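Student: Here is how the chains run, residue by residue.
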Amino acid sequence: MNARALILTGYLIIGLALLALTLLSHRRPSSVARVCELAAGATRRRAGRLLVLVAWWWVGFHVLARSG
Amino acid sequence: MLRLRNCVAAAKPYPAAGRVSFCPTFPRFGESVAPIADITKVERCRPYPRRVLWVVVGVGIGYAAVAALLTPLTWPAMLATVPPLALACWVAVRRPNDPPAPAPTWRRVLPWAVVLAAGVTLELVTLFRTPREDYPTLSSIVSPLAGSQWWFRFVGYLIWFAVGAALVRR
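First to last, the protein sequences are chains E and L. Heads up, the first sequence is in numbering that gives the first Met the number 0, so the first residue is 0 and it goes up one at a time. Heads up, the second sequence is in numbering that gives the first Met the number 0, so the first residue is 0 and it goes up one at a time.
Excised from the complex, chain E in its bound form (with noise of 0.2 Å):
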């Protein structure tokens, strides 16, 4: 396997576990947190809101205006 492939793998295999990670929050919301819970924790207050903006504009301009 050579390291275009591992490093395919190993995303597909970090996306399945982001996948399974938000259905078992909902099936076990003891164990796991949910993906809301993550926000609002890390959105509430107006500092953590601007950083969470500021991550979440860079991933738009990287994927949208900076890919080609």
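Calculated directly from the structure, the hints in this document are not laboratory data. In this text the structure is predicted, and so the values were computed from the model without any measurement.
Here are a few chain E residues that face chain L, going by a calculated C-beta distance under 10 Å:
| id | residue |
| --- | --- |
| 1 | ASN1 |
| 2 | ALA2 |
| 3 | GLY14 |
| 4 | LEU17 |
| 5 | LEU20 |
| 6 | LEU23 |
| 7 | SER24 |
| 8 | SER30 |
| 9 | VAL31 |
| 10 | ALA39 |
| 11 | GLY40 |
| 12 | ARG48 |
| 13 | VAL51 |
| 14 | VAL53 |
| 15 | PHE60 |
Pairwise CB distance ranges (calculated):
| id | chain 1 | residue 1 | chain 2 | residue 2 | range |
| --- | --- | --- | --- | --- | --- |
| 16 | L | PRO75 | E | VAL58 | 17 to 25 Å |
| 17 | E | ARG45 | L | MET77 | 21 to 29 Å |
| 18 | E | LEU7 | L | GLY57 | 35 to 43 Å |
With the C-beta cut set under 7 Å, the calculated list includes, among others, these residues of chain E facing chain L:
| id | residue |
| --- | --- |
| 19 | ALA16 |
| 20 | ALA32 |
| 21 | GLU36 |
| 22 | LEU52 |
| 23 | TRP55 |
| 24 | TRP56 |
| 25 | GLY59 |
| 26 | HIS61 |
| 27 | VAL62 |
| 28 | LEU63 |
| 29 | ALA64 |
| 30 | SER66 |
Ideal Cβ positions, reconstructed from N, Cα and C, are used throughout, including at glycine.
Add chain L to chain E, keeping to what the hints say.
Tutor: Then chain L, alone, in the frame of chain E:
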């Protein structure tokens, strides 16, 4: 005369908005109680009228359609991402801080932290390795589609707007 001022404690329609006023004025001795019809009126503090919501959705779809037309890696395409950020920051700054809510425990956050840390590590490892064909980053994976397909950028903008709206409305 009892004035409950349309406050019904059990009917808080928008708890996240934090704008429903709870202002019970307790009856003094000898005062009569307001008719049921009065006290069941709920002060519905919808954050915005439904019509405004549809207008915002329409403007967002139109903006996404136009912004997706712009060629990536050009100044117009890069500048097109700034107004949504400015609008989101304006909304986020205007919104008052929420009352402290119980934060999720570390035990419940840990699985997310582990997976996200693994993702960030993988992205950083590939970012500083070359050639890009052998060490693809997430952006280099989506680049062929994002660079050439309007529909991909359009859908990307819509998803991006939806996530941003969810973050500032939270």
